[in-house]
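**Q** We have chain R already, so just place chain A on it with the hints.
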Amino acid sequence: MNDNLQLNSDGKLKHFLTIEGLDKTLLTEILDIAESFIGMSDQQIKKVPLLRGKTIVNLFFENSTRTRTTFELAAKRLSADVLSMSIATSSTSKGESLLDTIRNLEAMFVDMFVVRHAISGAAHFIAQQTAPHISVINAGDGQHAHPTQAMLDMFTIRQVKPDFSQLRVAIIGDILHSRVARSQIQALNTLGAAEVRVIAPKTLLPAHVESLGVSVSHNLNVGLKDIDVIIMLRLQKERMTSALLPSESEYFKCFGLTEAKLKIAKPDAIVMHPGPINRGVEIDSKVADGKQSVILKQVSNGIAIRMAIMAMAMQTQGAV
Amino acid sequence: MLETDELLNNLEAGLKQLLIDRKLDEPLMIGIRSGGVWVAEQLHQRLGIKSPLGLLDISFYRDDFSQIGVNPNVKPSQLPAHIEGRDIILIDDVFYTGRTIRAALNEIFDYGRPNQVVLGVLIERDGRQIPLCPDCAGARITLAANQRIKLTGPSPLGIDLQTLDTAA
Chain R
1 MNDNLQLNSD
11 GKLKHFLTIE
21 GLDKTLLTEI
31 LDIAESFIGM
41 SDQQIKKVPL
51 LRGKTIVNLF
61 FENSTRTRTT
71 FELAAKRLSA
81 DVLSMSIATS
91 STSKGESLLD
101 TIRNLEAMFV
111 DMFVVRHAIS
121 GAAHFIAQQT
131 APHISVINAG
141 DGQHAHPTQA
151 MLDMFTIRQV
161 KPDFSQLRVA
171 IIGDILHSRV
181 ARSQIQALNT
191 LGAAEVRVIA
201 PKTLLPAHVE
211 SLGVSVSHNL
221 NVGLKDIDVI
231 IMLRLQKERM
241 TSALLPSESE
251 YFKCFGLTEA
261 KLKIAKPDAI
271 VMHPGPINRG
281 VEIDSKVADG
291 KQSVILKQVS
301 NGIAIRMAIM
311 AMAMQTQGAV
Chain A
321 MLETDELLNN
331 LEAGLKQLLI
341 DRKLDEPLMI
351 GIRSGGVWVA
361 EQLHQRLGIK
371 SPLGLLDISF
381 YRDDFSQIGV
391 NPNVKPSQLP
401 AHIEGRDIIL
411 IDDVFYTGRT
421 IRAALNEIFD
431 YGRPNQVVLG
441 VLIERDGRQI
451 PLCPDCAGAR
461 ITLAANQRIK
471 LTGPSPLGID
481 LQTLDTAA
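In order, the protein sequences belong to chains R and A. Anchor point for the first sequence: position 280 equals 280 in my numbering, and the numbering is continuous, going up by one each time. Anchor point for the second sequence: position 38 equals 358 in my numbering, and the numbering is continuous, going up by one each time.
You can take every hint at face value.
What follows is a set of in silico ranges between Cβ atoms, one per label pair, in the way DEER data are often shown:
hint, chain 1, residue 1, chain 2, residue 2, range
1, A, Pro-451, R, Glu-195, 56 to 62 Å
2, A, Glu-404, R, Gly-21, 45 to 51 Å
3, R, Asn-63, A, Lys-343, 57 to 63 Å
4, A, Gly-447, R, Ser-97, 53 to 59 Å
5, A, His-402, R, Thr-55, 33 to 39 Å
6, R, Gln-292, A, His-402, 31 to 37 Å
7, R, Glu-195, A, Leu-367, 52 to 58 Å
8, R, Glu-195, A, Gln-467, 51 to 57 Å
9, A, Asp-384, R, Glu-250, 55 to 61 Å
10, R, Pro-276, A, Gln-467, 58 to 64 Å
In silico BS3-like cross-links for lysine-lysine, where the CA-CA straight-line distance does not exceed 25 Å:
hint, chain 1, residue 1, chain 2, residue 2
11, R, Lys-297, R, Lys-24
12, A, Lys-395, R, Lys-297
13, R, Lys-161, A, Lys-395
14, R, Lys-12, A, Lys-395
15, A, Lys-395, R, Lys-24
16, R, Lys-47, R, Lys-297
17, R, Lys-202, R, Lys-253
18, A, Lys-395, R, Lys-76
19, R, Lys-286, R, Lys-225
20, R, Lys-286, R, Lys-261
21, R, Lys-266, R, Lys-253
22, A, Lys-395, A, Lys-470
23, R, Lys-291, R, Lys-261
24, A, Lys-395, R, Lys-47
25, A, Lys-395, R, Lys-46
26, R, Lys-225, R, Lys-261
Here's a subset of chain R near chain A, in silico, CB distances under 8 Å, partners left out:
hint, residue
27, Lys-12
28, Asp-32
29, Ile-33
30, Glu-35
31, Ser-36
32, Ile-38
33, Gly-39
34, Asp-42
35, Ile-45
36, Lys-47
37, Val-48
38, Leu-50
39, Ala-311
40, Met-312
Hints listed in this document are in silico derivations from the structure and should not be mistaken for laboratory results. Cβ coordinates follow ideal geometry from the N, Cα and C atoms, glycine included.
Just chain R, with the same shape it has in the complex:
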């Protein structure tokens, strides 16, 4: 995959497709700029004029609540005009190809595509094919990457625990199907986390998972020891093509996060979840709504981080 596709000739962000190939300086810059957008919530008029006159199209070929709405809000807070296309109601359902959809939208003088697609590499494909002045942001492609989710998670972690080099982070659950986990692992390793540990049954881990730069545990009771940050993942039943688990209740018994299991981690550990949560499947309600949970904070932070990424990707437009 061409990582340079994401950067222009000056090394500035042009597309945001994956964490892979982006260095610590750039990731830190995203977090720093997002920090300033958080302050905007004090404003009576919650808008800045950065992307005034720009047109952003949300192209969602897959369902989404949080990601689509926070992208839309982020674009609006940057003063851009936003079109949110839900593909079920568009011409794609009449047989139009992806490339034709893109070409038609380009003809409407669009400046940015935010893309979610069930096929890995869809956002890369669009970035390669689209007109040179257009930026593409990946809002989740297949099982490959969900880089804005990973960055909002990094932002949420940094708010509570600013020094990544001191952190042991556990990512728990359906790693196999999770584009979020892949992006998180890359971001945590780039930012220099002390340890990234994945905890899951063997059937929900990709082959050679260690090569991603993680340690592995198959036992939650052991794996949670010394952990500062717990990231729970949703069981992606819609992507499971074979019986990988005996049953949901069996899964909850072994890998569900309960108050008792939470006590195994460090006492000040935070609990995260990219949503949507399956209560009683991967996480107990008492933990999801408990005081160590930062799950709703993640959602709020999604707006600021997406503002930062969209503004940064768009800043190179004048110089293409």
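**A** Then chain A, alone, in the frame of chain R:
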């Protein structure tokens, strides 16, 4: 040679008169990052202003985003929640083209509608590009087109006069 102490004295005197002339009531002082904040910190103390000093970062309101992009060193603005109806003393270090002040006013008005805003700057130089000007200045100077003046600080405050390479 410009002495920062003398400039601060002049600006302080000018602002004191302005407080009376314009009947500024319990004013709120706001400094524009970075140089304007350094100047404002001194004046805030000298004028004994009660409300905490507001800090404004205009990075998201600049009019040259498409040329220079987002400032990676942007910091959150820190203004009180209630700008509505307040009398504001806006402070910057150097007034040159006027574009910074335009951006600052746009940002302030997104926080609320102030009663009035006055502008004090340490140095006003020639080169205005939009119809805005300060209400008072520590000094007014004329420079050659290739000269730039910059405040260094925060402590001690100093004035740095640079002559740009004309070829650049």
